[in-house]
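**Student:** Listed here are the chains, written in short residue letters.
Number of protein chains: 2
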Amino acid sequence: MNSWDKKFGELAIIKLIRQKFPKRRKEILKGIGDDAMVFRNGIVVSTDSFFEKIHFDLNYFSMSTLGYHCMAASLSDLAAMGASPLCALVSLHLTKNIDIKKIGELYSGFEKITKKYRMDIAGGDVVTSPSFAMTITVIGHTKNPLMRSGAKPGQALFVTNFLGLAEVGRRVLKMNFPKKEYPEAIHKHLFPEPRIFPVQSIKKFATSCIDTSDGLSTDANHLGEESRVKIVIDAEHIPIHPEVGRFCSIKNIEPLQFILSSGEDFELLFTAYKLPKNKRTKIFRIGRIMKGRGLYISVRGKIRRIKPTGYEHIV
Amino acid sequence: MNSWDKKFGELAIIKLIRQKFPKRRKEILKGIGDDAMVFRNGIVVSTDSFFEKIHFDLNYFSMSTLGYHCMAASLSDLAAMGASPLCALVSLHLTKNIDIKKIGELYSGFEKITKKYRMDIAGGDVVTSPSFAMTITVIGHTKNPLMRSGAKPGQALFVTNFLGLAEVGRRVLKMNFPKKEYPEAIHKHLFPEPRIFPVQSIKKFATSCIDTSDGLSTDANHLGEESRVKIVIDAEHIPIHPEVGRFCSIKNIEPLQFILSSGEDFELLFTAYKLPKNKRTKIFRIGRIMKGRGLYISVRGKIRRIKPTGYEHIV
Numbered sequence: 204m205n206s207w208d209k210k211f212g213e214l215a216i217i218k219l220i221r222q223k224f225p226k227r228r229k230e231i232l233k234g235i236g237d238d239a240m241v242f243r244n245g246i247v248v249s250t251d252s253f254f255e256k257i258h259f260d261l262n263y264f265s266m267s268t269l270g271y272h273c274m275a276a277s278l279s280d281l282a283a284m285g286a287s288p289l290c291a292l293v294s295l296h297l298t299k300n301i302d303i304k305k306i307g308e309l310y311s312g313f314e315k316i317t318k319k320y321r322m323d324i325a326g327g328d329v330v331t332s333p334s335f336a337m338t339i340t341v342i343g344h345t346k347n348p349l350m351r352s353g354a355k356p357g358q359a360l361f362v363t364n365f366l367g368l369a370e371v372g373r374r375v376l377k378m379n380f381p382k383k384e385y386p387e388a389i390h391k392h393l394f395p396e397p398r399i400f401p402v403q404s405i406k407k408f409a410t411s412c413i414d415t416s417d418g419l420s421t422d423a424n425h426l427g428e429e430s431r432v433k434i435v436i437d438a439e440h441i442p443i444h445p446e447v448g449r450f451c452s453i454k455n456i457e458p459l460q461f462i463l464s465s466g467e468d469f470e471l472l473f474t475a476y477k478l479p480k481n482k483r484t485k486i487f488r489i490g491r492i493m494k495g496r497g498l499y500i501s502v503r504g505k506i507r508r509i510k511p512t513g514y515e516h517i518v
Numbered sequence: 204m205n206s207w208d209k210k211f212g213e214l215a216i217i218k219l220i221r222q223k224f225p226k227r228r229k230e231i232l233k234g235i236g237d238d239a240m241v242f243r244n245g246i247v248v249s250t251d252s253f254f255e256k257i258h259f260d261l262n263y264f265s266m267s268t269l270g271y272h273c274m275a276a277s278l279s280d281l282a283a284m285g286a287s288p289l290c291a292l293v294s295l296h297l298t299k300n301i302d303i304k305k306i307g308e309l310y311s312g313f314e315k316i317t318k319k320y321r322m323d324i325a326g327g328d329v330v331t332s333p334s335f336a337m338t339i340t341v342i343g344h345t346k347n348p349l350m351r352s353g354a355k356p357g358q359a360l361f362v363t364n365f366l367g368l369a370e371v372g373r374r375v376l377k378m379n380f381p382k383k384e385y386p387e388a389i390h391k392h393l394f395p396e397p398r399i400f401p402v403q404s405i406k407k408f409a410t411s412c413i414d415t416s417d418g419l420s421t422d423a424n425h426l427g428e429e430s431r432v433k434i435v436i437d438a439e440h441i442p443i444h445p446e447v448g449r450f451c452s453i454k455n456i457e458p459l460q461f462i463l464s465s466g467e468d469f470e471l472l473f474t475a476y477k478l479p480k481n482k483r484t485k486i487f488r489i490g491r492i493m494k495g496r497g498l499y500i501s502v503r504g505k506i507r508r509i510k511p512t513g514y515e516h517i518v
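Note that the protein sequences, when read in sequence, are chains A and B. Take 204 as the starting number for the first sequence in the numbering used here and just add one per residue. Take 204 as the starting number for the second sequence in the numbering used here and just add one per residue.
If you're looking for bench data, these hints aren't it; they were derived computationally from the structure. You may find that some hints are simply not true.
The list makes no distinction among identical chains, and a pair is therefore deemed to hold if it is satisfied within one copy or across any two copies.
[Claimed, not checked] Pairs of lysine-lysine, DSSO-like flavour, derived with a Cα cap of 27 Å:
{"hint": "1", "residue 1": "477", "residue 2": "256"}
{"hint": "2", "residue 1": "510", "residue 2": "299"}
{"hint": "3", "residue 1": "223", "residue 2": "319"}
{"hint": "4", "residue 1": "346", "residue 2": "229"}
{"hint": "5", "residue 1": "383", "residue 2": "485"}
{"hint": "6", "residue 1": "223", "residue 2": "304"}
{"hint": "7", "residue 1": "377", "residue 2": "299"}
{"hint": "8", "residue 1": "433", "residue 2": "377"}
{"hint": "9", "residue 1": "305", "residue 2": "226"}
{"hint": "10", "residue 1": "299", "residue 2": "256"}
{"hint": "11", "residue 1": "229", "residue 2": "318"}
{"hint": "12", "residue 1": "223", "residue 2": "299"}
{"hint": "13", "residue 1": "304", "residue 2": "218"}
{"hint": "14", "residue 1": "305", "residue 2": "315"}
{"hint": "15", "residue 1": "226", "residue 2": "346"}
{"hint": "16", "residue 1": "304", "residue 2": "510"}
{"hint": "17", "residue 1": "482", "residue 2": "454"}
{"hint": "18", "residue 1": "407", "residue 2": "304"}
{"hint": "19", "residue 1": "256", "residue 2": "305"}
When you get a sec, could you build the whole thing from the sequences and use the hints?
**Tutor:** Listed below in C-alpha cells is the structure:
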C-alpha cells in the first residue's frame, strides 16, 4: 500500500466511469458495479487480469495449475451472478521465455476446468509483453441474475464454506512452511472451485450475492454499498477452519482480522431471509442486514463500525 | 523477429486451441478463427490487448488519444463481423506513475468514441502492473454476421480506402519526420476509424470480411485460409496514397511491399461478386478469389506465390 492507491483504488475508477458514461443501451440490464455485466437476453460477461508476481507465483504454480486457477477465479464472477458458463476468451501476454510447451501446459489447465463446466474457449489474442500475464473474459447465461443490490433489512448474511483458507495456502507456499500440515489451504489456493453448481440451488432463496475475491470486509462492503444497507458481521459466527486457526496461532495473527482481509477463496457471500431445510451445500450464517449504511462488526455483544480492509486489486 | 516467434505465432496457438478444445456449446455459432466470436443469439465478442512500447508510444500519444485509438482498434473487429457495438469492458493494467488525472484523460478518449457509437462502458477491472497496458473486450450484435470463411472462387477482393497510411503515420511520429507533410497518415495512426457504419451497407453484398489490422498479406492470407480458397492480389490495382508514396520514395521502400506488411489501418478487406452501383463508401477492387489455396500476387502479368509477411502480433 502507498499513497497512490489510497487516493484512487478500483472504487475511484468505478466512480469516474459512472460519472463519465451514462447508460445508453437498453440491451444492458446491469453494467459497472457488479461481479459481471448482464444483458437483458441473459448473457453475462466478466473480465479479469492475472499478472505474474502480483496474482501468481511461478515458483510454485505449474503452468497447468495456473491455467486451472485463473479460469476458476474468472468463473467465480459468473457464479456470483448465478450464471452458467458458456465460454471464455483468453488474451495471453507472453514473455520471450515462455515456449509452446509451456503454453500447451497452460491450456491443459484450461482444458481440465472448461471440460468440467462444459465450456468453449471461443477466442482471444496473443501479444508479447515485458511481463507474463493474461486477461480472461468469461461469458455465461442466466434467466434470473443474482445482483449485489438485492439485500434488504431483516435478511441475514451467509457464506458458503470457510474463509481465509486460500490466503493461508498462498502464504504457506510462499514462505515454505511445512506443506503437509496445510493440505486444504494449499489446495484451495492452487485450485479454487468457482461455486457454479451450488449457486443454482442457492439462487432460489438468495436475494443478493458477491464472490469472496477481495476479503470478507471488502466484499461485504461492496454488497452493502450496492444494496444501500447496513451490514453487521457477527464475529462469533465466522467459522475458523483448523488450518486457518493453526496458521494464525503460529503467526500470532487474530483469525478474525485475517479472515476480514484475506481474499481469493471464491466462495459466495449472499443474503437471504432464511435457508431452506434441505440445502445441499455447506452454508454459514455470519451476519445480518439492517437499515442504514456502512459495515459493522459485532464482537462479544459490542457493535463497531469497521473499514473495508480487505485486499483491493490495486496494492 | 526471432526463432521464438517463427516457431509459434498466433496461428500456432489457434491450432493448439482448436485441437484441445472441441466445440461444446450449441449457443456458439463461431468461436476461434474469426475477428470475433459469435453467439447464435447475435451477440458478438472480441478481446484485444495493447501494451506501451509494443502497441503505442506515450512520446506522441496523449492519454485521451490513446483511449480513442485503442477503443477504435478494438471496435474494428466488430466492424469486420458486420456487428454494431453495444458496450466495452476495459481491463486496465496500471504502473505506479499513472495518476487519476491521466486515467481521467484516458477515459475522455473512451468517452469520445463510445458516444459516437452509442456504447456503454459496462465493466472491467484494474490491476497494478510492471508495464502500462490494457485489454479491451468489445461486445456488439448482428443478426447476420460476416465471416472470414465465405469467400468463393469467382469473387473479387475489395478494400475500403487506402492501405499503409497508419504505418506511415506511426513511423513519421516515431522518427520525427516533418509532420506537416503527412497529415492524413498521422491522423490515421492516432485516430483510426473502425468501419462500423460503412459495413452495414457493405454486408448486403459482401461474402466474407476481415479488418486490415496485421497487414494486407497476413489479413488476406487469413481470409484465404478460413475460406479455403486461393487469393490473387493484383499489384497494379492497389491504390497508393500520396503520403504513402512520398514516404516510400524518401525511404527507398517498394510501396507494394510496404503495404503488404503494414497493419493497423483498420479498413475492411472483403470479397463479393461485384459492387453495387450506388455504393456510398470508397472501395477499391484489389484482387480475385480462385480455386485452390495460398496467397499469390500478380505483378505485370506474372503471378507468384507470396508468404504472409505482414506484422503478426508476436514480433
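**Student:** Hint by hint, note whether the structure agrees.
**Tutor:** Hints versus structure:
1. 477 <-> 256: The answer is neither: 41 Å in one copy and 54 Å across copies each exceed 27 Å.
2. 510 <-> 299: between (42 Å within a copy, 24 Å between copies)
3. 223 <-> 319: between (40 Å within a copy, 14 Å between copies)
4. 346 <-> 229: both (17 Å within a copy, 17 Å between copies)
5. 383 <-> 485: within (25 Å within a copy, 69 Å between copies)
6. 223 <-> 304: Between copies only: 14 Å across chains, 44 Å inside a chain, cut-off 27 Å.
7. 377 <-> 299: So residue 377 and residue 299 pass the 27 Å test inside a copy (25 Å) and across (24 Å) alike.
8. 433 <-> 377: Classified as neither; 36 Å inside a copy, 54 Å across copies.
9. 305 <-> 226: Between copies, since 23 Å is at most 27 Å while 42 Å is not.
10. 299 <-> 256: Both, since 17 Å and 15 Å are each at most 27 Å.
11. 229 <-> 318: Answer is between; shortest inter-copy Cα gap is 15 Å, intra-copy 34 Å.
12. 223 <-> 299: between (38 Å within a copy, 23 Å between copies)
13. 304 <-> 218: For residue 304 and residue 218, only the inter-copy Cα distance (13 Å) is at most 27 Å; the intra-copy one is 42 Å.
14. 305 <-> 315: within (16 Å within a copy, 40 Å between copies)
15. 226 <-> 346: both (21 Å within a copy, 23 Å between copies)
16. 304 <-> 510: Close across copies (26 Å), not inside one copy (45 Å); limit 27 Å.
17. 482 <-> 454: neither (36 Å within a copy, 73 Å between copies)
18. 407 <-> 304: Intra 44 Å, inter 44 Å, cutoff 27 Å: neither.
19. 256 <-> 305: Cα proximity of residue 256 and residue 305: in one copy and across copies (18 Å, 25 Å).
Violated hints for the displayed structure, listed by number in ascending order: 1, 8, 17, 18.
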